[in-house]
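Asker: Sequence lines, in order, name chains A and B.
Count along the first sequence starting at 1, add 133, and that's the number in the working numbering.
Count along the second sequence starting at 1, add 4, and that's the number in the working numbering.
Since the hints were made in silico from the structure, they are not lab data.
Treat the hints with caution; some may be incorrect.
[As the list claims (entries may be wrong)] The following label-pair restraints were derived from C-beta to C-beta distances:
| no. | chain 1 | residue 1 | chain 2 | residue 2 | range |
| --- | --- | --- | --- | --- | --- |
| 1 | A | Leu159 | B | Glu106 | 56 to 62 Å |
| 2 | B | Arg102 | A | Gly511 | 33 to 39 Å |
| 3 | A | Arg220 | B | Lys222 | 51 to 57 Å |
| 4 | B | Pro146 | A | Gly511 | 33 to 39 Å |
This structure is a prediction, so every number in the text was calculated from the model and none was measured.
Here a beta-carbon is modelled for each residue, glycine too, at the ideal position from N, C-alpha and C.
Letter by letter, the chains look like this.
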Amino acid sequence: MNKILAIIRKDLILRFSSPAEWLFFLILPIVFTYVLAGSTFGAGSDIRRVLPVVDEANTPLSRQILAELEKSTFVRPELTGRAEAERKFGERTIAFWLLIPPQTTQENLRGGEVALEFHTQPNNLDAVSAQAAIRAALRQVSLTIKAAQFAVQQAESRKPFASAEEREAYFQSALNLAQRFQEQTPERLEVTRATTPDTVQYDPRANSSAGQMITWVFIPLFGISALLAYERSHGTLARLMTTPTSAATFLLGTIGGQVLMALVQMLLLIGFATIALGVPWAREPLGLAILLVSGALAAAAIGTAMGTLLRSEAQANNLSIMLGMVMALLGGCWYPLELFPAAAQTAVRVLPTTWAMLGMTDLLLRGENWQGILPEAGVLLGFAVVFFTLGIVRFRRQFF
Amino acid sequence: MKNILLIAGKDLRLAFRDRAAIILMLAAPFLLTLGMALVTGRLTSPGGASSGPSNIPVLIINRDGESLGNALVETFQSAELDELLEAQVVEDEQAARRAVDEDQVAGLVIIPAGFTRSIIPPQGAVIDTTAEPVKLQFYANPARPTSTAIIETILTEYLSRVEEGRVIGMASVFQMLTSGVFTPAEAQAYGDEMRRQFSESADETALQDDEFGTLTLKVIGAPEQESVQFDVMAFMAPGMALLFLMFTVTYGGRSFLAERRQRTLQRMLTSPTALPQVLGGKMLGTYLTGVLQLIILIGSSSLLFNLRWGNFWGVLALILLAAFAATGWGLLITAFARTPGQVSTYGSAVMLTFGILGGSFVDLSALPEPVRLISRITPNAWGLDGFTILGLGGGLAQLTRPLLGLFVLGSVLFILAVWRFSRRRDLIQ
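Next comes chain A alone, as it looks inside the complex (with noise of 0.2 Å):
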């Protein structure tokens, strides 16, 4: 046992010889966690198409076409300049943008047409539904005078005003009588949801905790290997054979190190989300110590295995950070699972991050309780039988 402990002692003085170890320790992941959850924060809320408006006018007119833009359950107006809303359409940074030029005030608006300008790249089918919301507001906007100067014509081609003020005071009369009747309109569309199940269960903050968690960890977790290529490199483990120390003590002791390091890195994150995320980690304490055991002994057996098949330090760091990077994007610790194709999802199955990410999610997102996640905690010690058989009998071939 003082032998295990001496390695692992060993082994986290290694490596947190370097203050920027904490970069990946701690700071990395957190900066990672609170950004992923932070940039999709708004997201569930207002899913509307930016629609950058350039106000040429600033009256109240335009104001007007503003606001009744707000109402829009497609668009959301955006003020900008237009040199840059040009440039950004020359570059088709944006697919349409609106200009309401300097000609739009309730004067030329009474004098007759004023034209609002909307420019779209081609074929644009976003720009079509936003044409549709852009033309409603315009309507709603411009209906009273318009309805207004209808009276004046239909009266005038009766009988014609006496004089220029008789006509204006009847232009005022229509005026007010259209805005009552603007009024009083009854809504007329009633909308109802329907309780279609959402197939895309996703809570910015736990699926970005989870995540996250699960891509820093695993990495060094894999980095395991590079621990044994290190000390096979550098004779350090031949020599530290020929000792009283058995292959059994030196692995318990290299990978329990790492997976008691894990073990620690996960629970600092986890206390960082449920305090400043509020992502109800707590929530089942005894399904969550099940999955974040069985998630490190699969990694760091993966680890363990690599390290007997790689030849040098740089090749398995280097290595653990691409098949970190890679099982984390294809187990769904980037992107919900959901939203992967069919044939995808059943596909990634054969990862540990997959599984991992989904026991997390489980507790997290579907209530289930430590029972509900036992098939994927059952599936990540699987993992780890296999790929620590592997990695012993290499590790035994290689040494006896």
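Given the structure of chain A, go ahead and fit chain B onto it with the hints provided.
Answerer: Okay, now just chain B, sitting in the frame of chain A:
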């Protein structure tokens, strides 16, 4: 110059012979790009449109059967909305609701009986303003929020047309009646005429006459541009390449400090080679490695996913300047580091931080404004801007801003790095 080229050539060869480096320089970004293609479905389907949702399935039950109800059906099935909507008129409400519940369609629109008559009363009848209005019913599928927002927008736009005709007609009739322009009997005949006109023009804007105060929308298409469908891989492939470019440039810096530690740098300096020449050669080698890495990654993913960048010179300019700016970062990190290990550690941290700040992992527009501003210190953000412009059909002329951004970034970093190197006396000790 010859010495600089020799050192650069040697470093270039070494980098591409180092199996461990190849893993992060080429294998990792390529595998991550493939992974992205797999999870986005791009691996199994050609192209990728992002011009908005299309063929949104929507069901309509028309119980009204009169002018306004029929006009609404025609709107949903119009040529203008043909590509956007896949509208189908059905009879069975229960089955239609089930289709929404089971996520087979985006929504169900029910036009109730009497909808038209509640707005345009039949001849001789008057509108009962106290009666409950007959409402269009939209049974929306919450699992498809964007599609339902589009359908709701189309319904709102249609109702605004209906309302326009109603308010105009009513204001005209009531105003003439109250001001004595005509008698109640004449008003009845006029009202019937308005009703007839309104019913006939139910699928159009009530009044098109430009002498009335109307706010119109002039649609201006982009001049001389072809329709372009943005391929999601045109963003993801360069995103991953730029992410791992940061690894490559720190690898170059690491080799400089490793030479010092192994004393090969000191040995080199005993030959007729000055320190600035060694540094220049190392910089050039790192830069060329980065350029070659980007050419291989972007070239291979372009071939694999049949990406069309449109403008060869635009792609080349972006690659050359992105590698330049990234090399600047690599040099600056090296200039401040004391050991190859430090370059490696801080380089990896910078690589990952720039990945998230620069948009390789998340859409930059989803990040807060201050973060978007900070992202401009990364070659990733400028490079991705450029590749997005090219992916959307832009040319060299539209790349001015990202190219200038990369050039300025690279130049500033180079100046800082050279200044820092010039103050380091320990390099040749």
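Asker: Failing hints, ascending?
Answerer: 1, 3
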